[in-house]
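**Student:** Based on the sequences and whatever the hints tell you, model everything.
Residue 6 in the working numbering is what sits at position 6 of the sequence shown, and the numbering runs on without skipping anything.
Heads up, some of the hints might be wrong.
[As the list claims (entries may be wrong)] Mimicking EDC-like on lysine to aspartate or glutamate, the simulated pairs with C-alpha atoms at most 16 Å apart in a straight line are: (1) K33 <-> E115; (2) K100 <-> E81; (3) K43 <-> E111; (4) K33 <-> E126; (5) K33 <-> D180; (6) K33 <-> D239; (7) K100 <-> E88; (8) K33 <-> E123; (9) K33 <-> D116; (10) K33 <-> D119.
No lab work stands behind these hints: they were computed from the structure.
Predicted model, so just to flag it, every value in this text is computed and none were measured.
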Amino acid sequence: MDTNSPDVTTDAPAAEPAGQAPEEIRHLIQQWKRLDELLAGLKRDDWIAATPLPGWTVRDVVAHVAGTEHMLAGEAVPDIELPASAREYVLNPIAELNEKFVQEARPLAVEDAFEDFRDVVAERTEQLSEMSAADLEAETDSPVGRVPFRRFMGVRVFDCWIHEDDIRQAIGMQHHLGGDIGRFAVGAIVNALPRIVGKKAAAPDGSRVRFRVTGDAGTDLPLATDVVVDGRAALADVDDTAQPTVELVFDTPTFVRAATGRIVAEPGSGVEISGDEDLGRTILGSLAFTI
1 MDTNSPDVTT DAPAAEPAGQ APEEIRHLIQ QWKRLDELLA GLKRDDWIAA
51 TPLPGWTVRD VVAHVAGTEH MLAGEAVPDI ELPASAREYV LNPIAELNEK
101 FVQEARPLAV EDAFEDFRDV VAERTEQLSE MSAADLEAET DSPVGRVPFR
151 RFMGVRVFDC WIHEDDIRQA IGMQHHLGGD IGRFAVGAIV NALPRIVGKK
201 AAAPDGSRVR FRVTGDAGTD LPLATDVVVD GRAALADVDD TAQPTVELVF
251 DTPTFVRAAT GRIVAEPGSG VEISGDEDLG RTILGSLAFT I
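**Tutor:** Structure follows, in structure tokens:
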């Protein structure tokens with residue numbers, strides 16, 4: 001096997017559904033395309049690179065993404081026993097379900113793993129194209145509770161978006177977190193900030209915590225928001241006339257990777273704290289909110 005030559009090229013995935021689908025569906029299909037383009041350019045050795053996710057290589061991340069779509073396409077979860085080594089990082093039922101798809105795919109050749117990803121994405125694209133507006137609004141179970149199917153697909157956007165970054169980080173590529181998909185996906189992190197500040201970090205009543213994320217609007221996710229604790233924590237517009245209790249200024253990769261549990265952010269390494277440093281450090285240690 002030539003470990004330095006570009007890897008497999010197979011037929012590209014099917015075109016996206018015609019018409020003006022909801023933004024969750026449009027972003028999901030576009031994110032699948034971004035993943036496809038990234039995977040098509042990998043070298044063979046890239047597929048076995050370790051990712052920030054314990055126990056998972058790049059090919060395992062691809063198997064996870066494909067496996068979830070297989071399940072949504074109506075296929076059963078693999079009926080396999082997980083190896084003892086997986087128990088070190090499989091800590092809840094969702095992780096166990098994910099790991100079963102990963103373990104099932106491990107014997108596949110790289111070419112077959114990539115083809116499986118493309119096949120299931122094509123199948124799911126066709127399924128989504130056939131769904132009516134009523135189908136997309138129908139309530140369904142999801143990792144965030146019972147929600148309209150359309151919103152569940154928004155969760156899939158977030159998952160695929162962050163896994164693209166896992167792959168990029170694993171092989172030393174520049175992040176690609178910005179753009180329309182990134183601005184959509186980062187909303188899940190922003191919406192989690194009140195819980196992180198008020199419940200996990202237990203910021204005292206009267207606190208105003210300011211989050212700033214820096215970077216270029218085209219490639220990064222510049223944003224600014226306050227979380228105000230007044231009985232309970234809530235998002236608030238930045239008020240430059242109000243002195244924040246603490247301000248946390250992140251670069252884009254540090255903000256996203258810390259919030260998704262890939263890293264623990266440390267002052268001086270992609271984030272700076274001004275104001276109440278103790279509270280700031282507590283918030284940094286509490287940022288991870290994904291399962």
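**Student:** Does each hint fit the structure? Answer for all of them.
**Tutor:** Results of checking the hints against the structure:
no. : hint         : in the structure
1   : K33 <-> E115 : holds (14 Å)
2   : K100 <-> E81 : holds (8 Å)
3   : K43 <-> E111 : holds (11 Å)
4   : K33 <-> E126 : holds (14 Å)
5   : K33 <-> D180 : holds (14 Å)
6   : K33 <-> D239 : violated (39 Å)
7   : K100 <-> E88 : holds (14 Å)
8   : K33 <-> E123 : holds (14 Å)
9   : K33 <-> D116 : holds (14 Å)
10  : K33 <-> D119 : holds (13 Å)
Against the hints set out earlier in the document, a violation occurs for number 6 only.
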